Amino acid sequence: MEHSEDGKAFRPFSPYYADDMADTFVEASKRYKLSVIGEYWSPVTCGLGGFGGVVLRNLFIKRPMLSGIQLHILAATVGALVGKYADNMYRKQTAQRDAIYTHYMHLHPERFPKPERKTFGEIFESWNPAR
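Residue numbers (my numbering): 1 to 131.
Just so you know, not all the hints are guaranteed correct.
What the hints assert, rightly or not - Derived SDA-like pairs: lysine to any residue, alpha-carbon spacing no greater than 25 Å straight-line:
{"id": "1", "residue 1": "K114", "residue 2": "A86"}
{"id": "2", "residue 1": "K114", "residue 2": "R131"}
{"id": "3", "residue 1": "K33", "residue 2": "Q93"}
{"id": "4", "residue 1": "K33", "residue 2": "T94"}
{"id": "5", "residue 1": "K33", "residue 2": "E110"}
Said to hold, decoys possible - What follows is a list of derived Cβ distance ranges for each label pair:
{"id": "6", "residue 1": "R91", "residue 2": "F124", "range": "26 to 32 Å"}
{"id": "7", "residue 1": "L74", "residue 2": "K114", "range": "29 to 35 Å"}
{"id": "8", "residue 1": "F124", "residue 2": "L81", "range": "49 to 55 Å"}
{"id": "9", "residue 1": "L107", "residue 2": "M65", "range": "44 to 50 Å"}
Keep in mind that the hints were calculated from the coordinates and are not lab data.
The structure displayed is predicted, hence computed values, not measured ones.
Quick reminder that beta carbons are idealized off the backbone N, C-alpha and C, glycines included.
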């Protein structure tokens, strides 16, 4: 964590900005740690979707819901693998996008000046209630 000129710690999207605005896009793994839900959401939901798809198939062809359990296991496994692969692809694409943004911000620092901090008094206009 870095500090602003008055010694206060800053984070991206906080009232204290970095001297170099390109530092806003630091590597996500250094900034955030995924929760358990965030880590396993895609594989679990895709696995349940595969399992549910086989259950619906059995219902439509008027078979018992859990008959042919090997298809349920196979569909859940394939769904979980597809979910994990899609999640990894999403993370790779967002990391690449952030790297491109950071590189551009380092090449053109004049286009990304440090934002001015404003107080609420500067933002809100005076208001007199009409009664």
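Verification of the supplied hints:
1. The suggested pairing of K114 with A86 is violated, with an alpha-carbon distance near 36 Å, which exceeds 25 Å.
2. Among the hinted pairs, K114 with R131 is inconsistent with the structure: their alpha-carbon atoms are about 42 Å apart, more than 25 Å.
3. Taken as a hint, the K33 and Q93 pair is honoured in the structure, with Cα atoms around 18 Å apart against an allowance of 25 Å.
4. Of the pairs offered as hints, the one joining K33 and T94 holds, with about 15 Å between alpha carbons and a cut-off of 25 Å not exceeded.
5. A distance of roughly 32 Å separates the Cα atoms of K33 and E110; the hinted pair therefore is violated under the 25 Å criterion.
6. In this structure the hint that R91 and F124 lie 26 to 32 Å apart at CB is violated, the actual value being about 40 Å.
7. The hint said 29 to 35 Å for the Cβ distance between L74 and K114, and at roughly 55 Å that hint is violated.
8. Between F124 and L81 the beta carbons are some 53 Å apart, a value that agrees with the proposed interval 49 to 55 Å.
9. In this structure, L107 and M65 break the distance hint of 44 to 50 Å, their C-beta atoms being roughly 59 Å apart.
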